[in-house]
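Enquirer: Each protein sequence line maps, in turn, to chains A and B. Per our numbering, the very first residue in the first sequence carries number 1; after that it's consecutive. Per our numbering, the very first residue in the second sequence carries number 1; after that it's consecutive.
No lab work stands behind these hints, which were simulated from the structure alone. Hints are not guaranteed to be accurate.
Said to hold, decoys possible - Under 8 Å between C-beta atoms, here's a sample of chain A residues computed to sit facing chain B:
| id | residue |
| --- | --- |
| 1 | LEU6 |
| 2 | LYS7 |
| 3 | LEU34 |
| 4 | TYR38 |
| 5 | ASN44 |
| 6 | LEU46 |
| 7 | HIS55 |
| 8 | HIS64 |
| 9 | PHE69 |
| 10 | LEU70 |
The beta carbon of each residue, even a glycine, is placed where N, CA and C say it ideally should be.
Number of protein chains: 2
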Amino acid sequence: MRNIDLKKEFGASVRERRKQLGMSQEALAERADLHRTYVSDIENGLRNISLENIHRIARALDVHVSSLFLRIETGAFPKGAAANGFNGTRRAKN
Amino acid sequence: MRNIDLKKEFGASVRERRKQLGMSQEALAERADLHRTYVSDIENGLRNISLENIHRIARALDVHVSSLFLRIETGAFPKGAAANGFNGTRRAKN
């Protein structure tokens, strides 16, 4: 994890997790109380996102903050790592 | 991890890891190329630190970013989680 572009990798984690949930960028933005273009920028690796917004995104994606980084470090989301026990098979309602 | 003050918890992780390494705030600041008062503020939960500075701090502490958050979520640093295999018994040289 030394020489990676963490903004790009973090954005890819967010996008992958959002798609796992079958969630649109608009729905993620609404759940996280962030602007849709800001969420788009995060996913595209264009934002040096702050700790508090990382937390909002993780909550909106029902995942631990650590899981978003483990996905970067290990190439996959950890099993059973969802904040509420989400296991990757359920579909989001919105 | 829903209603915690993530800035304070993150700061506590940084302080605990720094002390594990026997490292001063000055040494951490120097390794991370950040100001010492900024590192002090981070440890005291006063800074909404950005992704890039989280990365700098993690590298300076020879630990994965995920480990700093796993310490918050689980109460302890994961075993074998150090970025370079640090096992918690070695002392930092500076």
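Enquirer: Does each hint fit the structure? Answer for all of them.
Expert: So, going through the hints one by one against the coordinates:
1. LEU6: holds, 5 Å
2. LYS7: holds, 6 Å
3. LEU34: violated, 14 Å
4. TYR38: violated, 14 Å
5. ASN44: violated, 14 Å
6. LEU46: Violated - the Cβ of LEU46/A stays beyond 8 Å from chain B, reaching only about 11 Å at its closest.
7. HIS55: Where the cut-off is 8 Å and the nearest Cβ of chain B is about 5 Å from HIS55/A, the hint holds.
8. HIS64: holds, 5 Å
9. PHE69: This interface hint holds because 4 Å falls under the 8 Å limit.
10. LEU70: holds, 5 Å
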